[in-house]
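Visitor: Given next are the chains, with one letter for each unit.
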Amino acid sequence: MSTAMAPAAGFAGKSGHKPKMASADRLLLAVSLVVPVLGLSLFFLYPLGLVAWRSLVGLDGSIGLGNYASVLASPGIRTATINSLWISALTTAVCVVLGFILAYALQRSSISGKGLVRASLALPLLAPSLVQALGLIFLLGRNGVVSQWTGWTIDIYGPVGLLIANVLYGLPQAVLIIEASLRHSDARYYDAAEVMGASHWQQFRDITLPNAKFGMLSAGFVVFTVTITDFGNAAVIGGDYRVLATEIYRQVVGQMNFGMGAVVGILLLIPTLVAVYIQRVASQRQFGGGSESAIPVQPSWLPARDLPLGMAVFAISLCMIVVVATVVLASFMFLWPYRMEFTLRNYVITLSGGYTPLWTSLLISLMAAGFGVVLLFLMAFAQKRLPPALARLLYFGAILPVGVPGLVLGLAYVLAFNVSDSVLGLLYGTTVIIALCNFYHYHSQGFLTMVTGMRSVPPALEESVTCLGGGLRCVLRDAILPFLTATTVSVFFFLFMRSMVTLSAVIFLFTPQVMPASVTVMRLDEAGFTLQAAAFSTCIMITVALAMLLMRVAMTYLGRKKAGA
Amino acid sequence: MLKMFSRPLLASAAAFGLLALSTAAQASSITVYSALEEDEIAEYLAAARKSLPDIQIDVLRLSTGDLGARLIAEAGNPRADVIWGLAVTNILDPSIKQMLEEVEIPGVETLPEPYRAEDGSWFAATGYLGAFCVNTAVLEAKNLPKPTSWEDLTDPVYKGEIVMPNPASSGTGYLQIAAILQGMGEEKGWDLLERLDQNIAQYPPSGSRPCTMARSGEYAIGASLSFVAMKSIEAGFPVEMVIPADLAGYELEASGLVKGSKNREAALRFLEWTVSPEAAEVYSKYKDMITIPGVPRSEMADKAGLPENLTEVLYPMDFAKSAVERPEILAKWRSTINR
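In order, the protein sequences belong to chains A and B. FYI, the numbering for the first sequence is 736 to 1300, going by the working numbering. FYI, the numbering for the second sequence is 129 to 467, going by the working numbering.
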C-alpha cells in the first residue's frame, strides 16, 4: 500500500489553498482514489489495451494499421456507420425526452401509482434480452398478436423494430440518471420565483430544466453509446439493417477474424469522446442544488400538469409491462402460437444444468453489485476532490466502459486473464471474474448516476461539517451519505439486475463448473426450446424481484433500527 | 441462502485450488468444448460415462461461431482437452487447426476418407444437412405450393416469404452458398443466388434462426439445418423438412485433440469412444448423418422423411476448398447481394 499512497499524498499536498489535511483524512482520500482506480486499470483498461493491440495485428501476424485500412475500405462500412449514428441519435432523442418526463413525474409530480411505474421501468433491466426480443416479435411480428387481431401486416424487422427495442432498453437507464439530478432540489428557489410572480412554466424552464441539464446530457450519452454498441437487438429484430455492432459479430464470430473485429471495437470508442464536453458541463457550478438548509421540493397536485403527465407515464409503463407479460404468458402455453393451452411443462427444465445456474448468478450479481457500488461511491467521492485536470482524466476512464460492446469486453477478459504464468490467471474460470466483468461492463452508468447524485450534495454543508472540526470521514457520514442513500441504492440494484441477465461478455467466461443463468437461457433457446427459455427467464425475473424485495425490507429494517438507536 | 450459494462457491474454490495445486491429481478429468446440440450431448454423455466410468467429462457447449471465437481467444493458454463436434469449416480455419494435435486414434481409420484429416488432426463421426423448414400453415394461408429445390425458391410467388442465414455471420449460411457454388459451378451458382435474393425477406445472423422464424409463422420458409427442422417437427410445429433436391449441402461435425492437453490419456480415450460402435448407437437417435460405417439408418432420418439414398443425394463437398475460398466468396457476396 505504501507505494500506492505516494501519488495520492502528492495531489493532496499540491492543492495548497486548502487547510492541511489530517493524516487520517489523507488516508481515507487516498484509499477512495487508489482502490477504484487500481480496479479500473486492472480489470478494464488493461484488457482493453490488449484488444487495442490485437487490432494492430494482421491475420498473417504483421503489426500495423492494415486492419484499420481494410475495415475502412470494406464496402458497407459506410452504410453501417451512417445507420448506426442515425438509429442511435434517434433512440437518444426519444429516451432523453421520455426519460425526463418519467423522472420528472416520479420526482416532482404527485401522480399516484409511482410504485407501479418504477416496477415497470425495472422490467427491461431485469429481463434477459431474449425476453425483450421474443415479446416484441410475439406482439408485433408478422404472425404476432397485433397482426392476428387487426389483420394488418406489420413489418417490424428493420429500423422501426430496432428503434422500439433500443428505446425499451435505453429508457430505464436514462431515467436512472435523470432521476438522480432531480432528486434533491431546494424548494426556496421555487418559493422565491413564486413570490416574484413567475408562472409554473417559467419556474420549470428557468429552475428545473437547467438543473437537470447535466443529468440529461449524461443520460443522452449513455443511451447513445449503449445503442451504438448493442448487438443483440440488431441481430434479432434489425432484419438486414446493417449497424456497426453487427460488423464486429460478423468479423469475430462469423469469420473468426479478431483483428478486424477489434478495429470496429476500438472505433466504437470514438463516441465516448463526447463525454469530455459533458464533463466540462459537470465542472460548472450548479445553482439550485442543495444548500445546507435546503428545503426539499414537495410536489403539489397541479391537475393541468399531473393529469396529462400521469397518462403519458402510464402509457409508457403499459408498453413495458405488455412486452414482458406476453413472454411470461407464452411460457405457460403448450406451443405458442399454435396450441394455446395452459401447461407447466415448459418449467420442467433438466437440460443445461437445470435451475442451479440461478444460484450461481445470484452469487455473481451480489458480488458485482456489492463491490461495484462501494468502488463507484469512492470514485465519485474522490473525483470531486481532485484537481480539475486529474478529475477529467479519471472521469474519462470511468465512462469509457460504456463504449465497449460486451462481446469485445468478454474477449478482452479472456486475453487478459486466461494466462498460466501470472497471478491474474488464478481468477479465470471463477465466479469472481464474471462478477468483475459484469461490474465493469456497467461501470459507466453507475458512475454517471453517482456523480450526478454527488453534485446535489450541498457544498456549504460539507464545509460546515469541516469547520465544526469533522474530518473527511464525518463529511462522508454526515453530509454525503444522507444525500446519496437513494442514489446509491438505485445504483446497487441497477448493477444487481444487469449482472443477473447480461450475456454478451459472459459467454466467453463461463465454464462447465460456473454457469450463470443467462447462459442457460441462451442454450435453451439455441437448442430450440424457446418456451423453456421463456420459462427460465420468468424464473430469473421472479428471483431478481424477490431478492430485491428482500433486500429492501432488510434495508428498511436496518434503517429503522439505526434511527431508533 | 448460504446453502444455495455453496455450490458455485465450492466450484470457485475448487478452481482456485486446482490451478494452485497443479492438475496432476485430476488426471482423469477432461474438459470438452462442443458445438453439438444440448439434448444430444446429455444423452451421449450418459452413454460415455458408462463406457468410461473413471473419467470425469465436463462439457462446455456453445454455438459454432461463439465456440470458434472462444477457442481462438483462449489459444494462448487452451482450456479444452478435446474439441467435439465443431463444424469442419471452422476446424479448418488455420488459427483453430494449429491448436489440434496430429494423432492416430483407433477406430478413426474405419471412417471413409472425406470424413477425416489426412494428417490426423481431426475426424468427423457425424454431420448435418442443409434443409428448408417449410411452415405448412403459412403455405396454406397464403396459398403457396410446397418448394422442393433451390430453383423452386426463386419463383416470384415466394417473394418476401423466405429467410436465409447471413453467410458473413453464420457458418450454416456460408455452407449453403458454398454448396451451391461448388455444386452448380461459379456462374450458374451466382446466378441462382442473385435470383434467390429477390425473394429473401432477410438474412439473420444465425443458422438456426431462419427455421425458428419459419416455425413460428413469421415467414413461410427458412433455409436452415436438418437438426432444427426435425426438432421443430417433434415439438409439434406445423413444419415440414425439405432437403433441396437439386443440391443438398452438409456440414461435418469434427473432433480432435487439443495440443498440450494435460489429460492427454483420458482425452484420447474419450475421442476413441466417439467413433466406437456404442457411440454410433446413441448417435442414431439424433443424427441424420453418421459417417461410422455399418450403422443402420436412424429413426430420426425416417421421421424426417430423409431420402433412402442419402449419400447419393449429398453433393461431395470440398471443405478445404470452401475454407480457403471463404474470404473471396464473402467479398463477392457482399458486392453482389450486399445485405
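Read the hints as simulated data drawn from the structure, not as lab findings. For clarity, every value in this text was computed on a predicted model and none was experimentally measured. Be a bit skeptical, because a hint or two may be false.
Unchecked claim - DEER-style ranges, computed between Cβ atoms: (1) A:781 / B:274: 37 to 45 Å; (2) A:1161 / B:276: 29 to 37 Å; (3) A:814 / B:179: 35 to 43 Å.
To be verified - Listed next, the stretches of chain B that the computed footprint assigns to chain A, with coverage defined by at least 3 CB atoms under 8 Å from CB atoms of chain A: (4) 186-195; (5) 236-245; (6) 311-323; (7) 396-403; (8) 413-420.
Claimed, not checked - In silico contact screen, one side only, chain A against chain B (beta carbon under 10 Å); selected entries: (9) 793; (10) 794; (11) 797; (12) 799; (13) 801; (14) 803; (15) 933; (16) 935; (17) 985; (18) 989; (19) 996.
Beta carbons are placed, not taken as given, at the ideal position from N, Cα and C, and that holds for glycine.
Visitor: When the structure is checked against the list of hints, which entries are broken? Sort them ascending.
Guide: 1, 2, 3, 5, 6, 7, 8, 9, 11, 12, 13, 14, 15, 16
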